[in-house]
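Starting from the structure of chain S, add chain D where the hints point.
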Amino acid sequence: MWTPGRFGRGKPGRKYEPRELPLTQDSRAESKGLVNCFDIKSLNLYYSDFQALKDVNMEMEKGKITALIGPSGCGKSTLIKTLNRMNDLIEGCRITGDVRLFGEGIYGDMDVSLLRKRVGMVFQKPNPFPLSVYDNIAFGPRTHGVKSRYELDGIVETSLRDTAIWDEVKDRLKKPALDLSGGQQQRLCIARALAVSPEVILLDEPTSALDPVSTGKIEELLITLRGKYSIIIVTHNMQQAARISDMTAFFLLGEVIEYHSTETMFAMPQDKRTEDYITGRFG
Amino acid sequence: MINRSHKMSERALAVVTWAAAIVTIAVLAYIIGFIFVKGVPYIKPSLFSPTYNSDNVSLMPALISTILMTALSLAIAVPLGVLSAVYLTEYAKRGNKAVALIRMTMETLSGIPSIVYGLFGMLFFVTFLGWGFSVLAGTFTLSIMILPLIMRSSEEAILAVPDTYREGSFGLGAGTLRTVFRIVLPSAVPGILAGVILAVGRIVGETAALIYTSGTVAQVPENVYESARTLSVHMYALSSEGLHIGEGYATAAVLLVVVILINTCSAWIAKRIGR
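Chains as they are written, first to last, in the working numbering: chain S, 1 to 283; chain D, 1 to 275.
One chain only, chain S, in its complex shape (with noise of 0.2 Å):
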């Protein structure tokens, strides 16, 4: 529901200056002497009998793009959705092993409300709230306990500005979200998922729904968004890994077969699956 707010009515109100987010948190302070953003450790993971990751262990760097590929059904997105608890949801989810977000361990005694404000989520379909452009970017903030006006209203701004919509929607802020295009929509839920201040974003497959030039939108705002932000992206697009990604893994029935720099991976690959799923005989 919309609430009038500096947007919202021609009512100038107090210039927004650009500073850190309300909702960056010291974490991220902590976490600078660590390289990895992820470290997971013979993690397995079981939908009540099949087991669907098999003694994954990977190491996740901070500030780099890491992609998942592999044929669909290899357990890429539900390695993701294990990355901010998602699978929680499903019934039947077991998982053993260990995965740490700088080094805290996730399944122990962290706050889930607080992991999923680290690592933020974008899903495969663009999945905008049936509210209005403004209060899809503050329903994370507000959940996380930010009231002020001002400060919603600098979120806002500056998660559209970040991923680059805002020419597009400032003057639409209280229209209905869904009524944006599909990549509109996918670009807004991308700044839905950076107005809490995450640590990382997971996205699973992003542009598998949208039109090749919005997938190219995307792309690009996810080569700016590198280095502030840890990316993992799960995609079904192979040149998509080559062209965004610095680290790529390749999935094959629940175990990771390869994971290399997406240069090593591309250029030479170690195994032979690899190579031919990368080379189009499979998937």
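Be aware that one or more of the hints could be misleading.
To be verified - FRET-style restraints, in silico, Cβ to Cβ:
id: 1; chain 1: D; residue 1: L177; chain 2: S; residue 2: G105; range: 23 to 33 Å
id: 2; chain 1: S; residue 1: G103; chain 2: D; residue 2: Y87; range: 35 to 45 Å
id: 3; chain 1: S; residue 1: M110; chain 2: D; residue 2: L177; range: 11 to 21 Å
id: 4; chain 1: S; residue 1: G105; chain 2: D; residue 2: C265; range: 48 to 58 Å
These aren't lab readings, by the way, just hints derived from the structure by calculation.
Cβ coordinates follow ideal geometry from the N, Cα and C atoms, glycine included.
Below, chain D alone, put in the same frame as chain S:
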């Protein structure tokens, strides 16, 4: 040949569907027309006097009681029904025995004739709790009667909210409470209101359950412990006495207008909230 018989059957089907539609509308139009033709000549200012007596046969007290009892019944049944629907859809685990039991109970309750609710209300609220024939007893009886309806429609409306909304909300770190009240319920409001409209229809049209619980006193109740009659009960009373049939039809015409007004309001609210 095949082509021709195909065409024939297609035409026949078109005729049948048209006929069905026309008959349905004609019946509805006939009933409404009949009520208005018979009732409108009897609508005069005295029919709306603030108090009832056998000379003016005023429907005003019944109209006020109807609105009062509808509001009170909804105030009890809507929160209960919606919240239990939220529990069933968002909190209860799948395959939970209690959930299966609640669903079965609701289905059974929605199939019970209203006279049975009336008798229950009389035995429990009127006699056992000692409330007497009162607005309160009638209201509670009506609430129990519409609860299954509200719960079922709310449950369906909530289930129809796409899971991607829930994922998005949980993914931002929101808990179940915030997700349900900020995202899921607002999206489900139009469906919930559709159930409320049906419930209003049942309340306004109810006589059997009310004669045994809220009684038939034709005055505006001063408090909820007094007896009162709704418009439907008023009509029943007028027609069974046989002295004021014309006024009975006039009451029916007013009741129709009230129902249309309530439905228009609900539709308007649903549109505003659903956007």
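Each hint, compared with the structure:
Judged by the Cβ atoms, the range 23 to 33 Å given for L177 of chain D and G105 of chain S holds: they are separated by roughly 26 Å. Evaluation of the 35 to 45 Å hint for G103 of chain S and Y87 of chain D yields a pass: the beta carbon distance comes to about 39 Å. A beta carbon spacing of about 20 Å between M110 of chain S and L177 of chain D agrees with the range 11 to 21 Å that was offered as a hint. Separated by about 54 Å at the C-beta atoms, G105 of chain S and C265 of chain D satisfy the suggested range of 48 to 58 Å.
Hint violations for this structure: none, all hints satisfied.
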